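Number of protein chains: 2
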Amino acid sequence: MNKPLLRGSSIGILGGGQLGQMLSMAAARLGFKTHIFEPSSNPPASNVSSKFTQSKYDDYDALKKFASSVDVVTYEFENIPTGALDIIETQCEIFPSREALKISQDRLVEKEFINKLGFKTASFHKVSSLEDLTSALDQIGTPSILKTRRFGYDGKGQVKMYSSSKPEEVWKSLDQKDLILEGFVNFTSEFSVIGSRSQDGQISCFDPGENVHQEGILRTTTVPADITNQQKTEAVLITAKILESLNYVGVIGVEFFLEKGSLVINEFAPRVHNSGHWTQNGCTVDQFEQHIRAIAGWKLGNAERHSNIVMENLIGDEIHKTDQLVEEGSIALHLYGKADIKPGRKMGHFNRIKK
Amino acid sequence: MNKPLLRGSSIGILGGGQLGQMLSMAAARLGFKTHIFEPSSNPPASNVSSKFTQSKYDDYDALKKFASSVDVVTYEFENIPTGALDIIETQCEIFPSREALKISQDRLVEKEFINKLGFKTASFHKVSSLEDLTSALDQIGTPSILKTRRFGYDGKGQVKMYSSSKPEEVWKSLDQKDLILEGFVNFTSEFSVIGSRSQDGQISCFDPGENVHQEGILRTTTVPADITNQQKTEAVLITAKILESLNYVGVIGVEFFLEKGSLVINEFAPRVHNSGHWTQNGCTVDQFEQHIRAIAGWKLGNAERHSNIVMENLIGDEIHKTDQLVEEGSIALHLYGKADIKPGRKMGHFNRIKK
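For the protein sequence lines, the chains are A and B, in the order given.
Using our numbering, the first residue of the first sequence is number 1, and each one after it goes up by one.
Using our numbering, the first residue of the second sequence is number 1, and each one after it goes up by one.
It should be emphasised that the hints constitute simulated quantities derived from the structure, not laboratory data.
Keep in mind that a hint or two might mislead.
Since the list gives no way to pick one copy over another, a pair counts as held whenever it fits inside one copy or between any two copies.
Once the Cα atoms are required to be at most 20 Å apart in a straight line, the calculated PhoX-like pairs of lysine-lysine come out as [to be verified]: (1) Lys299 with Lys3; (2) Lys321 with Lys299; (3) Lys260 with Lys160; (4) Lys102 with Lys241; (5) Lys3 with Lys321.
Keep in mind it's a predicted model, so treat the numbers as computed, not measured.
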């Protein structure tokens, strides 16, 4: 285990979106400085960081400078090019580790990893050719979902397959061939566990939150989730097992389906997670601070929940609902300060305390 | 009333200390950018702001540039030179207003203002000469406190007068002559109300917090304060009256003494206040967000308290207690990232939730 980061140390964050922004504020609350690395101009996190480098992930000089200016590096998204990590690693440590990143970057590898731990996922089949697709459909059936193995998020890079779908046409329409066919999980509800692990192996999980997605994008998280104590315990144990087997440091988001009362793991994200935003107003120490504590070599905070919360995302035009939410007064707004409104773009979220 | 600030607007903050830092993070949470103006290098707020101007308050060019880059200006301390405000005012609005600043900058004017509203203060006497001091001592007696009328904070600029004190010697030892002699209030407890007023006159107060000072510096605030409902109501009404009579916009901190069960007003600060830091972990909307909402022309948030809190300051060397507090896990740390430890310097604070 490394020594805890000293007061005034600097934390490098790859990615300057809202997750980077909220990580940066959590770091500042603990007395740390942050340095954001992000290709786009004027990202949300740059408004609350000590330093901001606007560069691409293949600008190795910029990456080297960035890494040498900080004491540890973390990230807000999992699709970081390997080359960038190679460069950074020569200068300083990256948390969570590359192993966790490598697994979560590839849906196929991720599902194989989860199954190997003894946990259930949707049925799946690797698809690299039209022949693969045909035999995968034979095996898994329809409805099922054809997904890109890498770089998918918020429902992007997915095609739903029905009995009426024509494999040849679907295959021709795709612009890449590294795919996976996933069986459809007939779930009754979705929930997630935000877990964290410190450098000395301490594990802590926030209470499971129940999620509602629309068009592949998270809409709401409600805490506590409507699951049994047994299901909650099982989900926490699964999360702990994943954290331990990866020798993980930081916060992880593990998504579950409930199918006929049993747990099916959808996926995990090696970072702070949208479904953990409720912790900002439901707990004394939120997921962002928990992540910073972990990567800084500190003890984790107490993940206890003091309030029941419904978190709701403000997506695209919904940012205009802010005026009305401000009038309401008893909700906690978290806006990202993004200049342009785009359909499907996460512009902010709010937490409403339930009595 | 002005139009509410638009999404992405910029807020100028005079002063880059911890109050500016926490105001800046509250502004970012609401989607605003901030620009910090501060004479010293590397102040806490510069780590969480979009822009930082390091300049003196008599650098009028820098002030003009600063003011023209933002949509509204506020401040984290009350001792801003008048000349700086004159310059800024030509470019954009300042909240809270100069009237509130002018009154709170001068202990004599402040006490006269409070008395005029019909509320009780310590007895006081203007002191501008040795003769004044002698007659003030005759009138007010000892023990009493001789204070500078302006620029005092955290117990600085004060001399306690006893029956054994020699007025001539004390007078000679002082380096300024704008003074006030204040009668000693034999208080049983101290508490404060953090009030806020929006641009359209909405008023909201957080629950009174009970304060313990040592050597003139706030040590702890405990919420709820151990006062009667009647005392609480009276304190809130007094705060509201002060806010209204100043046509105030923003957050104010009003400090009270309890003397034989009745309320004596110590002073008010036209800004977010150390004794309001408990709101960060006791309320959904804290004093920093409340202030930003007010100066942005928004509705105020709900000041309801969801948890009982003890706030404790980390002063000077006490910052080293952090290691132990981190282990404790169930407290919320707020560190200011100040590089140098000095005796009496506020380095951070923490909120502990009481069951």
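Status of each hint after checking the structure:
1. Taking CA atoms no more than 20 Å apart as the test, lysine 299 paired with lysine 3 passes inside one copy only; the shortest distance there is 12 Å, against 46 Å between copies.
2. Proximity of lysine 321 to lysine 299 under the C-alpha cut-off of 20 Å is restricted to the inter-copy arrangement: shortest distance 14 Å between copies versus 39 Å within a copy.
3. Taking identical chains as interchangeable, the C-alpha atoms of lysine 260 and lysine 160 are never at most 20 Å apart, the minima being 22 Å within one chain and 75 Å between chains.
4. For a Cα distance limit of 20 Å, the shortest separation of lysine 102 from lysine 241 inside one copy, 18 Å, qualifies, whereas the shortest one across copies, 61 Å, does not.
5. Taking the shortest alpha-carbon separations for lysine 3 and lysine 321, only the inter-copy value of 17 Å comes in at or below 20 Å, while the best intra-copy value is 46 Å.
When held up to the earlier numbered hints, the structure conflicts with hint 3 and nothing else.
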